[in-house]
Structures are given as C-alpha cells and as structure tokens.
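Letter by letter, the chains look like this.
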Amino acid sequence: MNRLLLLALVLTLAGCTAARIQQPERLPSFEGFAKTGDGWTLSMFRVPPQETGAAHQGQPVVLVHGTGTNRFTFMLEGSDLATYLSQEGFDVWVAELRGTRTSSPPDSATWAQGAWNVDSMASQDVPAILDHIKAATGREGVYWVGHSLGGLLGYAAVQTPLKSRIRGVITLGAPVAFTHGTDAVARMSTFPGIKAKRGRFPMRALSQLSKGGLGIAPDGQLVHLLMNADNLDVDAAAAFATQGTEDISTGLLQQYGGWFEGGRMKSADGSRDWLEGMATVDTPLLVLAGTVDQIAPAWSVRPAYDRAGSSDKTFMKLGRGWGQREEYGHADLLVGDWAFEEVFPTLRDWLAGRAGGAGGGVPSEAP
Amino acid sequence: MTSTQSGEWRALFAGLAALFAMVAAPSPVMAQEEVQLVPVVSGKPAGPDADVVVLCPDLGLRPEVFLSRGTGGLATRLAASGYRVYLVDPWNTSMASDDGFDGVVAEAFPQILGKVKTVAGAARVTFVGHGLCGLLPVAAAADPRGTSLQYRWVGLGTRFAWHVAAPRWTQWLQAFVDGERPLPAVAKSVLLTGFRPGVGARASSIPASLPQEEDIDEAMYRFYDRSLYREPPAGVIRDLFRWMQTGAMTSRQGWVDYGRGLDVVQGPALLVAGMSDSVAPPEDVLAGVDRLRARISVDHRLLSRANGHREEYGHLGMLISRHAARDVDRLLLAWLADRELP
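For the protein sequence lines, the chains are A and B, in the order given.
Taking numbering that gives the first Met the number 0, the leading residue of the first sequence gets 0, the next gets one more, and so forth.
Taking numbering that gives the first Met the number 0, the leading residue of the second sequence gets 0, the next gets one more, and so forth.
Misleading hints may appear alongside valid ones.
[To be verified] FRET-style restraints, in silico, Cβ to Cβ:
(1) A:234 to B:217: 26 to 32 Å
(2) A:242 to B:336: 49 to 55 Å
(3) A:57 to B:296: 55 to 61 Å
(4) A:140 to B:69: 37 to 43 Å
(5) A:234 to B:162: 52 to 58 Å
(6) B:81 to A:267: 51 to 57 Å
(7) A:233 to B:162: 46 to 52 Å
(8) B:213 to A:233: 15 to 21 Å
(9) B:169 to A:178: 23 to 29 Å
(10) A:267 to B:252: 49 to 55 Å
[Claimed, not checked] Partial selection, computed: residues in chain A whose CB lies under 8 Å from chain B:
(11) 107
(12) 318
(13) 319
Simulated from the structure, these hints should not be mistaken for lab results.
Predicted, not measured: the structure shown is a model, and the values here were computed from it.
Cβ coordinates follow ideal geometry from the N, Cα and C atoms, glycine included.
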C-alpha cells in the first residue's frame with residue numbers, strides 16, 4: 000500500500016521541478032559567482048576565518064555537497080560545519096554545484112535537458128571553484144571536503160593536473176565501488192522517473208511532501224536509505240528536507256545507473272575509471288564512512304582508501320564500535336545530532352594537523 | 000594474648016580461609032582435552048537420518064549462546080525444525096590454550112569433523128560458525144591434510160580481511176595482550192583451581208565482554224555478560240592481534256597462510272554480515288564473499304534495515320537480539336532447506 004502511495008506521489012510529481020532562485024546574491028554568506036568554461040554560473044558562499052592565531056590561520060577549505068543536496072549540508076542551523084571550521088581559523092568556502100537552484104545554466108534549454116553529470120562537474124565546476132577561490136584569496140592550495148558526490152569530485156580532481164592546487168581531500172560517504180549495492184539502493188533504481196531521458200528527478204518536491212512522513216514513520220525504509228533516523232531528530236530532518244534538497248539531473252542518474260550496472264565508477268564515455276585512477280593519487284586523504292550508510296556503505300567507500308597511492312591516508316568508520324554515540328548513516332554524517340561533537344572535531348584535527356605544517360590530529364594510518 | 004598477636008592470628012585465619020575458599024570453590028569448566036558434541040533436542044527428537052547442524056560460537060562466547068534467547072535460541076529453533084543439532088566449543092580446549100588458533104585448526108576442528116562424520120552417517124552436514132568459528136572451514140582447507148567430510152558451512156559475522164579494525168575492538172584485543180602475565184607454575188596451579196577465571200587473564204580497564212548493542216535487551220545483555228561470556232584463550236587473542244597488525248592470517252611460525260583456504264575451501268556457503276558489526280565489519284565479510292564467489296556457490300546476506308530486517312545488526316545481536324529469531328533464524332532455515340551439496 001505504501002509503495003502504491005509512493006508511486007502515485009511520484010507520478011503526480013513527475014514534471015514538477017523546483018524553480019531557480021533568481022537572486023542568490025541576497026542569500027546569507029553569498030560571496031560571488033564562479034563561472035565555468037561551458038557557461039554555467041555557480042554560487043559561492045564564504046564564512047571568513049575568525050582570528051585564532053593558529054598556524055593554519057586563513058587556510059582556504061572548500062566544502063562541496065552531494066547529489067540532490069546543496070550548501071545546507073554544511074550550513075544547517077545547529078549543525079554548521081562551515082561556521083565550526085571558520086571559528087577554528089579556516090577560510091571556509093561552500094560551493095553549490097550546477098543544477099542547484101542558485102546556479103544558472105548558459106541557456107534555458109540546458110536546464111530543461113538536465114544532461115549534466117559527474118564528468119561535466121569534474122571538468123568544469125571543479126576548476127571554476129578553484130579559480131574563484133584563488134582569485135578571491137590569492138592562495139593557490141585549498142583543502143577539499145566533499146560529501147558523497149562532492150567527495151567523488153575531489154577524487155577525480157586529484158587525478159588531474161588540478162592536484163597541485165589541492166593540498167588534501169576529506170570525503171564523507173563517497174562511494175567508489177558499486178559491486179554490492181544494498182537492496183534499498185537496488186529498489187531505488189527501479190523508482191518511477193529515475194530512468195527518465197531528460198529533465199530532472201523531482202527530489203525536492205518529493206522531500207517537501209515526505210517530510211511530514213518523518214514524524215509518522217521515522218523508521219521507514221526510505222528514511223533509513225538517506226539517514227540513520229536514530230541519529231537525527233525529526234525537526235532537524237524536516238529542516239534539512241525543507242532547505243537542503245535539490246532536484247537531480249537525469250544525466251547524473253543515468254551515469255549512476257551505469258556505475259551500478261558495471262560496478263565501476265567511470266566517466267560517461269567509459270574512457271576513464273576513477274577508482275583505478277586512485278593508484279596515481281598522492282594527495283593526503285581522510286576517508287570517512289558511516290557504519291549504517293545505505294547509499295555509501297563502507298565496502299563501497301573503502302576501496303578509494305585501499306587503492307590510493309597516498310602515503311598519508313586514513314580510513315575511519317563512524318559508528319558505535321568506532322567510538323561514537325550512534326551509528327551513522329548518509330546525511331547524518333554532517334547533519335546528525337552528534338556530528339558537531341563527533342565528526343567536526345575529526346575533520347578539524349585532520350585539517351589542522353596538515354594545514355599548519357605540524358603533525359598531530361587524526362593519525363595518518365587507521366585505526 | 001596481646002592485641003598485636005590477636006591481629007596476626009586474625010590475618011592468618013583470614014588468609015587460610017581465602018585459600019580454602021579458592022581451593023574449595025566449584026571449579027568452572029576447565030579447558031578440555033577433547034571437543035565434545037553436545038546434542039540439542041527440542042520437542043520430538045529428530046530421526047537418526049535427519050540432517051546435522053553443528054553450531055560453534057565465537058571466541059569469548061559459550062556455546063549456550065545458541066540456546067539463550069527468550070524464544071529458545073537458534074539451536075532450539077533448528078532442533079524443533081527437525082535437524083539434529085550439536086553444539087561444539089573448540090576454544091575451551093587445551094589445543095586452543097596451548098597452541099592458539101593453530102591448535103584449533105590442526106586438532107580441535109578435525110576432532111569436531113571426525114565426530115560429526117560418525118554421528119551423521121549419510122545425512123547432510125552443515126557447520127555454522129559465529130565469528131572466528133566461521134573461519135575454521137577456510138583455515139582447515141588451507142591445511143593440505145584436509146578432511147574427507149563434505150559439508151555446507153555458514154559464517155555469521157565472520158571476517159576475512161584484517162587490516163582495518165574498529166578502535167574499540169583493537170583496544171579489547173590489546174587489553175588481553177598487555178594484561179596477560181606469565182605465572183610461575185606454583186601460582187598457576189593454585190589459581191587454576193577456580194580463582195583465575197574470576198580474575199581473568201587481564202589487568203585492564205577495558206571491559207572483557209563486548210559492549211551492549213542497541214538491539215539487545217538490557218536483561219539479555221546482562222545475562223550475556225554474566226553467563227555467556229567466557230575468557231578467551233590468550234594464545235588465540237595473540238594470533239588475532241598479529242593478524243590485525245600484519246593484515247595476514249598466518250600461523251604462528253608463518254608456515255600456513257590461512258587466507259589461502261579461500262582458494263580451496265568447498266561450498267556451498269552462506270556468509271552473513273551485520274550492518275553495524277564492528278567486530279566483523281560487512282566490508283571485511285565481503286572480502287571473503289568476493290574471493291569465494293569466483294569458485295564456489297556462496298550466498299551473502301546483509302542484516303540491515305535497508306534490506307528489510309528490523310535492525311542494523313551487530314556482532315552479538317545476530318544471535319541474541321530481540322529480533323534475531325525473525326530475521327536470522329528464518330534466513331538460516333530457508334538457506335538450509337534450499338541449498339544442496341554439489
């Protein structure tokens with residue numbers, strides 16, 4: 000019955016897409032627009048560093064969100080990594096990728112087509128973001144912190160000449176191997192509308208409508224797919240659903256579909272295997288996975304750590320057995336009830352240990 | 000008698016009383032020279048030709064863990080379903096305490112298989128191992144002497160890769176390694192009368208038992224802590240710690256690579272992982288699944304809410320959690336009924 004209801008809901012929503020925000024420059028913390036080589040305009044947000052006197056004072060750190068989300072992954076009230084790191088002296092940038100409501104396509108046909116995918120983000124958005132930060136700060140090297148897709152873009156970037164501009168990469172819940180998906184993800188791949196040829200999957204409208212259901216059925220399978228509901232109170236989850244979700248381009252969904260079918264994280268034309276490419280990576284890496292993350296389970300995340308050529312690399316799971324109060328799912332890695340106390344300090348220590356030029360912080364080899 | 004003399008007498012009596020208490024205390028089950036098959040019956044006993052299921056607990060657990068849920072436990076459920084069920088405990092043996100994992104693989108496990116072969120006759124045999132016990136079929140297969148018994152096997156929370164471990168579990172292992180002290184023979188003989196197991200082999204603030212998992216009732220967890228936990232043999236703990244440090248499952252002398260058993264062990268096999276299991280994380284279970292699947296029939300199940308189960312299962316939870324009967328027992332019963340020997 001629930002499935003029928005969901006199906007009816009999605010079919011009703013098919014074609015409904017979220018409107019773009021016309022004047023992002025009016026949003027809090029908006030800093031400017033990053034221009035991509037193929038004509039997109041991306042919104043950049045900035046939380047300037049507070050004076051701490053630390054060795055890493057003013058070091059730029061860029062936070063990059065995942066699929067179907069936006070800056071609120073890092074700027075949600077009560078679980079705000081951007082502010083947390085700025086209070087530690089980092090110059091924090093939050094980028095919104097193409098397809099979010101604050102981004103502008105070169106023309107309306109591009110927006111309607113929804114063809115953008117990981118390739119276009121890796122080849123266009125990433126250099127535009129790095130260029131913008133360099134122009135604003137005058138500093139070349141940034142630390143890249145990516146959640147889910149944002150982490151994958153970090154992996155892709157350090158396999159190109161851009162690696163000289165990235166001092167370190169932190170990923171949270173970024174899956175790179177797709178040979179053993181959970182049943183929930185397999186079911187998701189059969190979701191109505193998920194295999195559309197053009198346009199965007201109405202994730203935002205769906206989350207708006209389903210957030211009421213959080214209070215009714217916080218233990219539902221769909222909720223558990225996105226987060227560990229035990230690690231995120233209902234109000235916070237509803238706030239995130241309201242502010243933090245975006246539609247997903249069919250280009251991205253098609254590329255993900257190919258990854259699940261082939262088991263490999265490849266470019267759309269199949270010429271590039273980003274997991275294989277990890278062997279060439281020598282950038283410092285911190286790879287984090289939630290113990291109960293259904294979208295990016297640890298076995299799909301850890302191969303990036305296993306394959307990376309970096310001498311400075313760390314893999315950590317976040318969950319009870321690993322010293323945290325709760326098991327961590329996907330979204331709650333950054334907006335969970337305890338993220339402020341359990342996740343943020345780990346990121347800070349790792350960044351401070353490297354950006355300051357001194358050792359310390361998170362050990363460089365797990366556990 | 001002066002007060003000083005009186006105090007000395009009192010101290011002497013107290014000392015003698017304590018010594019007497021130690022010697023007279025009911026001795027716990029001591030390490031056995033031979034592994035016993037303990038039959039489990041529930042309701043009408045299974046017929047002499049019924050399939051045989053052998054249940055083997057993880058290190059640090061008594062085999063009674065398979066009997067200990069409110070609903071009777073996995074062993075009871077299997078016995079009630081018409082299987083001939085036997086409990087075994089290769090860890091509480093002199094082989095384990097003297098020679099660690101090597102001793103269990105070389106002597107205790109072959110003993111189990113030999114005895115099972117005798118009682119099974121022509122019936123199908125399935126070996127179900129929780130945690131490290133699930134590794135025994137693989138480790139034994141790495142031994143060229145092998146066995147003539149053909150059997151199915153199941154690993155419940157069994158890991159096949161060792162190079163990344165949860166810090167809490169590493170601390171747990173470290174506590175045993177650091178806490179163990181060699182004892183003079185005389186002291187050992189006294190302590191082994193019954194006092195030593197109460198003290199444990201460790202001097203550590205790390206709790207000996209595994210932490211409570213969310214899906215285990217408070218009363219059930221207390222029961223585990225008091226009655227189902229057993230001090231693991233220090234030799235096996237040292238082996239695990241070495242594997243964790245080197246990432247390789249080798250014998251003490253380095254002559255046998257137990258991981259090589261993944262290339263020769265026979266199936267079919269069922270490997271079950273708990274989503275929040277920090278002792279055997281699902282990715283380290285999958286390491287075995289991937290390697291075995293190229294050669295034999297292997298089924299893999301992940302106990303997780305996303306897969307329709309009621310909990311994100313942990314290591315103990317798959318045996319004694321409040322929903323294990325629904326999720327784990329059913330899964331195992333369905334597999335036992337479905338998978339034939341080749």
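Outcome of the hint check:
no.	hint	verdict
1	A:234 to B:217: 26 to 32 Å	holds, 28 Å
2	A:242 to B:336: 49 to 55 Å	holds, 50 Å
3	A:57 to B:296: 55 to 61 Å	holds, 59 Å
4	A:140 to B:69: 37 to 43 Å	violated, 59 Å
5	A:234 to B:162: 52 to 58 Å	violated, 41 Å
6	B:81 to A:267: 51 to 57 Å	holds, 54 Å
7	A:233 to B:162: 46 to 52 Å	violated, 39 Å
8	B:213 to A:233: 15 to 21 Å	holds, 18 Å
9	B:169 to A:178: 23 to 29 Å	holds, 28 Å
10	A:267 to B:252: 49 to 55 Å	holds, 52 Å
11	107	violated, 38 Å
12	318	holds, 6 Å
13	319	holds, 7 Å
Violation of the numbered hints given earlier is confined to hints 4, 5, 7 and 11; the remaining hints are satisfied by the structure.
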